[in-house]
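Chemist: Same order as they appear, the protein sequences are chains A and B.
The letter at position 88 of the first sequence is residue 88 when you use the working numbering, and the numbering goes up by one with no holes.
The letter at position 312 of the second sequence is residue 1312 when you use the working numbering, and the numbering goes up by one with no holes.
If you're looking for bench data, these hints aren't it; they were derived computationally from the structure.
Fair warning: there could be bad hints in the mix.
To be verified - Listed below are the simulated DSS-like cross-link pairs for lysine-lysine, each with C-alpha atoms no more than 30 Å apart in a straight line:
1) B:K1193 / B:K1270
2) A:K143 / A:K187
3) B:K1067 / A:K192
4) B:K1028 / B:K1284
5) A:K156 / A:K188
6) A:K187 / A:K223
7) B:K1193 / A:K85
8) B:K1276 / B:K1295
9) A:K156 / B:K1067
10) B:K1067 / A:K136
11) B:K1190 / A:K85
12) B:K1270 / B:K1190
13) B:K1258 / B:K1229
14) A:K206 / A:K187
15) B:K1235 / B:K1193
16) A:K231 / A:K206
17) A:K85 / B:K1293
18) A:K12 / A:K192
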Amino acid sequence: MEGRDPTMKITKPEELQQHPEYKEVLVELLFQLADDDFILSYRGSEWLGLAPHIEEDIAFSSINQDTMGHAAMYYQLLEDIGIGKADDLAHQRPSSERRNAVLLEEVNGPGHYLSEPRYDWAFAVVRHYFYTQAKKVRIDSLKHSSYEPLAQVAVKINMELYYHLMHWRTWFIQLTNAQGEARERMKKAVAKVFEDFGGVLTLGVKGDRMVEFGLIESEKILKQRWVQAMKPVFAEVNLDLPSEFGMKRGNGRNGEHTADLDEAIMTLSEVYRLDPLATW
Amino acid sequence: MPVVTSFRWLSEEEKYERFMERINAGEKIEADDWMPEDYRMTLIKLIAMHGISEIMGALPEKEWVPKAPSLRRKLGIMAKVQDEMGHGQLLLRVAEDLMAPLGKTREEIMQDLFKGDLKFHNVFHMPAPTWADAGLIGWLVDGAAIITQTNMLDASYGPYARALKRICAEEVFHAQHGESIILALAEGTKEQKEMLQDALNRWWEALLMFFGPGSAATTGTSKQDITIKYRIRTKTNEQLRQDFFTKYVPRILSIGLKLPDETMHFDESKGKWVYKQPDWNRFKEIIRNNGPKSKERLRLRELSYHNNAWVREALSGQSAAV
Ligand SMILES: [Fe+2]
Ligand SMILES: [Fe+2]
């Protein structure tokens, strides 16, 4: 294993030319970050107009915009490295090239956003809350990334995360602590999210190299921090926090995905694909 | 102080007289002030319809939010639709305050919408089958809304006037957002230009209808007389439509689009645009929820309302326990 100077910092994309291995691993990490936010924001945007009340529609939409903005910043970092144009990276890549966690691509519930949507608000709350906490842990680590342009983006994103986290935590506690149907629905959603939550917390096959290059801390440390943050909340809602999380439907970091992602890509790129070279 | 105390002892006619004096003096009426029943009812109807139209109006554009063709457009249209929901919320609050003395709440507004008793704007019953429709809505529907809302900025009802002021400021950004989409298409490929012209052709009649019939004789009813009497608005429907033409016809032509109405021209001697009347019978049908997309969009609203019933129930249970 090639030793690394722990104080090494890369300050500009151009410097990556001298570090091809570093660059390869960095690109992998950036795709994970970009694709996660992009697809979850897309799923969120399908909810528009369908949230439990108008006030929530507005708040949720604001969070989705922030999240789409975060994806755009990561795709821009990839563009700056010379991987391709941000819009092409977001709209053109097939599912086999996507690196998002499978949990985040899953449909919101039965139906289509334009026809007979019977979306599951419990699933939305749990998925967004658990993911946002994982994102917070990741962003805190990325603030010290050896790739400085990424560290700078992490600082910016972090400022918006506080509000997102508070929003979803409030929903989670309120609905899970409610009695009757709400609690049952929330418990079901928690079980469903845990089946695939391992896919959110993993850094994929190149994870060890990411750590070695000082891009981010290890999967193990990040997972521990997530558990630490969630423990008091689980106590408050009187639920057990499992020690292991599944990857039931595959590891998205390795390009394993479900038909839900293919369908989402077709929809989100419908206009773009009419003419990818045109200015829209 | 003695004036305030004695107001309670005035007869209804005297109260009405005082009220009209205030209206004619250009004073603002506030939520807790005395107001005649028809003033209150007209406002409730107008503002609830406006509010619900903002919310239903989010639906045709919402169709294009997940599909917007670039990251920038995705962000732009998300923000725009979110604003519209925000307008809806703001206006429903104003309507709720007016309804409170009648013992009614937002729940009734939603139920009236589902029952078909509360109408929403004709434009939002129309299909938006292409990306160009999403741009055109921002450019011309919001453009038309700016014209009608500006007309009520000085409305005698203070809470409505203040809400409109905030809304109009945001509408200007919406029109710019729409214009930016439209300009990209107008300067784009042959297919993009065609898509844009098709959208304009599709929306033209609905845009003319947006301002409402020229007089009560056209459709049998018109709120415009009473709203002018109470100084809620100043210009008539036809004046507003003419303002729209004056502002937008030159812009439509300047970006290389053709007017969908070949007979349209400006009559210099009368100082008026001459145009082909939309089919006002069709207008009546559309606002009775018999437009091309009325049922489908109401269904979306209603379905999400029922689908989330358990959430509202959980929230209300909690507040009752506190
Ligand atoms: Fe609006
Ligand atoms: Fe608008």
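Chemist: Does each hint hold? Answer for all of them.
Modeler: Results of checking the hints against the structure:
Between K1193 (chain B) and K1270 (chain B) the CA atoms are separated by roughly 34 Å; this puts the pair beyond 30 Å, and the hint is violated. Distance check on the hinted pair: K143 (chain A) and K187 (chain A) sit about 34 Å apart at the alpha-carbon level, beyond 30 Å; violated. Taken as a hint, the K1067 (chain B) and K192 (chain A) pair is honoured in the structure, with Cα atoms around 28 Å apart against an allowance of 30 Å. Of the supplied pair hints, the one linking K1028 (chain B) and K1284 (chain B) is violated, its CA atoms being roughly 33 Å apart against a limit of 30 Å.
Annotation: proposed proximity of K156 (chain A) to K188 (chain A) is violated, straight-line Cα distance about 34 Å (limit 30 Å). Restraint check: the Cα-Cα separation between K187 (chain A) and K223 (chain A) comes to about 21 Å, which is no more than 30 Å; the hinted pair holds. Under the criterion of a C-alpha separation no larger than 30 Å, the hint pairing K1193 (chain B) with K85 (chain A) is consistent with the structure, at around 25 Å. Restraint check: the Cα-Cα separation between K1276 (chain B) and K1295 (chain B) comes to about 28 Å, which is no more than 30 Å; the hinted pair holds.
Between K156 (chain A) and K1067 (chain B) the alpha-carbon distance is near 27 Å, which keeps this suggested pair within the 30 Å criterion. Annotation: proposed proximity of K1067 (chain B) to K136 (chain A) holds, straight-line Cα distance about 28 Å (limit 30 Å). Taking the CA atoms of K1190 (chain B) and K85 (chain A), the gap is about 24 Å. The hint holds against a cut of 30 Å. About 38 Å separates the Cα atoms of K1270 (chain B) and K1190 (chain B), which puts this hinted pair outside 30 Å; it is violated.
Taking the CA atoms of K1258 (chain B) and K1229 (chain B), the gap is near 39 Å; set against the 30 Å cutoff, the hint is violated. Simply put, K206 (chain A) and K187 (chain A) have alpha-carbon atoms about 34 Å apart, too far for the 30 Å limit, and the pair is violated. Distance check on the hinted pair: K1235 (chain B) and K1193 (chain B) sit about 35 Å apart at the alpha-carbon level, beyond 30 Å; violated. Distance hint between K231 (chain A) and K206 (chain A) is fulfilled; the C-alpha atoms sit about 29 Å from each other, no more than 30 Å.
Annotation: proposed proximity of K85 (chain A) to K1293 (chain B) is violated, straight-line Cα distance about 37 Å (limit 30 Å). Between K12 (chain A) and K192 (chain A) the alpha-carbon distance is near 42 Å, which puts this suggested pair outside the 30 Å criterion.
Checked against the numbered hints above, the structure violates hints 1, 2, 4, 5, 12, 13, 14, 15, 17 and 18; every other hint is satisfied.
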